[in-house]
Every structure is written in structure tokens, then in C-alpha cells.
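Trainee: Could you put together the complete structure from these sequences and hints?
Counted the way our numbering counts, the sequence shown spans residues 1 to 287.
Calculated from the structure, these hints are not laboratory results.
Mixed in with the good hints there might be a few duds.
Straight-line distance between alpha carbons at most 30 Å, and here's what the computed BS3-like set of lysine-lysine pairs gives [said to hold, decoys possible]: (1) 265 with 209; (2) 205 with 81; (3) 209 with 263; (4) 81 with 269; (5) 25 with 263; (6) 25 with 209.
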Amino acid sequence: MLNLALSVLCSSLIFVVFKLFGTYKVQSLYAIVVNYFVACICGLLFYEGDVQLGNLTQTGWFYGTFALGVLFITIFNVMAKSSQVNGVAVTSVATKMSLAIPVVFALVVYKESLSFWQGIGILLALGAVYFASIKKKGLVIDPKMLLLPFLVFVGSGVIDTTIKYIQDEFLDESLYPIFSATVFGAAGTTGVIYLLINSRKVPLKLNLKNVVGGICLGIPNYFSIYFLLQALNNPNFNSASIFTINNVAVVMFTTLIGILLFKEKLLPKNWLGVGLAIISILLVALL
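Mentor: What follows is the structure in C-alpha cells.
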């Protein structure tokens with residue numbers, strides 16, 4: 001449970017850093033590309049083996065992991081576009097509701113079993129994500145723009161599912177750092193290519209603020225994945241439970257951080273979401 005708690009903490013710190021980007025006028029796209037390379041460096045530093053690209057490409061997980069890194073930054077851009085078109089609440093719900101995909105994958109492919117109360121907890125988790133995320137009068141989605149949140153939902157679910165699959169089929173604990181480094185390195189490389197192509201329209205403007213912001217983002221980003229992999233390696237919990245607890249706890253914790261640090265105001269329905277989140281975590285973790 002400690003690894004899962006640390007993963008939740010690191011994921012929540014990412015939220016804090018993103019929030020501070022606006023305060024300190026950090027350009028998110030540049031900082032995110034820097035963050036991926038910082039996270040990649042963290043993985044290389046913590047890996048105890050020899051890093052040889054030729055050997056890595058011969059492993060069964062390399063190309064899938066590289067593709068996963070490309071998906072990381074692609075889904076981020078789709079999330080950014082969806083936030084602009086449909087709003088942050090819609091995008092947030094789509095992202096966290098995606099926990100349903102790895103849960104179903106675990107139940108169908110790995111034949112994992114859930115108790116009756118754990119099943120109830122997962123259903124409550126979906127309700128918790130919805131109620132904790134919606135603002136004002138609810139979610140308003142332009143029917144013409146349903147594709148964007150749908151892509152966020154599917155993409156986020158595929159990322160979590162792929163991490164679990166690669167971790168289960170190809171990795172032992174000693175390979176977690178180099179696996180994470182490869183994912184983040186691929187994401188960063190894709191980001192650089194995107195920036196170079198986009199520089200034809202918008203000149204590159206990398207400054208110290210963006211670099212510092214990327215460093216502050218990259219460290220918790222690396223450890224959020226590293227500790228999630230460690231949690232998935234825990235024989236006492238199945239992956240369906242881990243993904244449910246992780247996603248719901250992040251929603252709950254970031255909501256509380258918003259109240260305590262950023263003086264955000266919650267609606268009664270948001271408090272309902274927090275309450276459901278607590279109940280769902282207890283049901284999934286303890287029953």
C-alpha cells in the first residue's frame with residue numbers, strides 16, 4: 001500500500017505543478033517536453049544495469065514501450081484540445097473514467113476476480129470521479145465534439161492497460177527504471193519533433209522558467225509511474241483494485257489540495273464525490 005500511496009502523492013504533485021504554471025507564466029507545452037526528458041534521466045540514474053541501445057531494442061518490450069511514449073504526449077495534446085473545446089471538467093471525467101478499461105482488461109484477460117463489495121466499490125468510484133469533477137450546473141458537451149473526450153477516455157485507458165500488460169509479461173523489478181526512462185524518452189523525442197514542425201508557424205521560445213517548470217514536473221512524473229509499477233507488483237492486490245484506488249485517490253487528494261492550497265470552492269455535489277471516493281477506496285482495498 002505504501003507504493004500505491006506514493007504513486008498517488010506524486011500524481012497529485014503533478015496537479016500542483018500544473019496549477020503553478022499559470023501563476024508563474026510557464027508555457028505548458030515546452031515545460032512538458034522538458035519534463036519528459038527529466039523523467040527519462042531519472043530512470044537512467046536509478047537503473048543499475050548497463051544502458052546499451054542495441055541491447056534494449058532486442059528486448060520484447062522496447063518497441064511497445066516506445067509506442068507507449070508516443071501515445072503519452074499524443075493523448076496529452078488531445079486532452080489540451082478537449083479542455084479548450086469541452087471544458088476541463090469534461091476532460092477530467094473522461095480521463096479518470098478510463099479506469100474502467102484496465103479494470104475490464106484485468107477481469108477478462110487475466111481472469112482476476114472481485115468480491116461483491118469490490119464490484120460495488122468500483123461502481124461507486126465511477127460516480128465519485130463524476131461528482132468530484134463537475135463544476136457549476138454539470139457537464140455540457142457539444143455533440144459535435146464528443147470525439148475528443150472519447151479519444152481521451154480510450155487513450156488514457158489504453159495507456160494504463162499497456163503499462164500493466166508490459167509490466168506483467170516482460171518486466172521484473174530491476175527493469176522498472178529503464179522501462180520508465182524509455183517511455184519518457186520516447187514521449188520527449190515526439191514532443192521535440194512536434195515543436196520543430198510547429199516552429200514553422202510559431203518560433204521556438206524556450207526560456208529558464210519553462211526548463212525549471214519541466215524539472216519540477218518531471219521528477220514527480222517519473223516516480224508516479226515507478227511507484228505504480230511497484231504497486232502493480234504487489235501480490236496482495238489485483239490490478240483492477242490498484243487502478244481503481246489509484247485513480248479515485250488522485251481525484252480525491254487533488255480536490256482536497258485545491259481546497260487547502262488554492263482556496264477552491266466546492267459544490268455539494270463535489271463533496272458527494274469526495275465521500276463516494278472514500279467509501280469506494282475502503283470497499284476495494286479492505287473487502
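Trainee: Return the numbers of the hints above that this structure violates; sort them in rising order.
Mentor: Of the numbered hints given earlier, the structure breaks none, since each of them holds.
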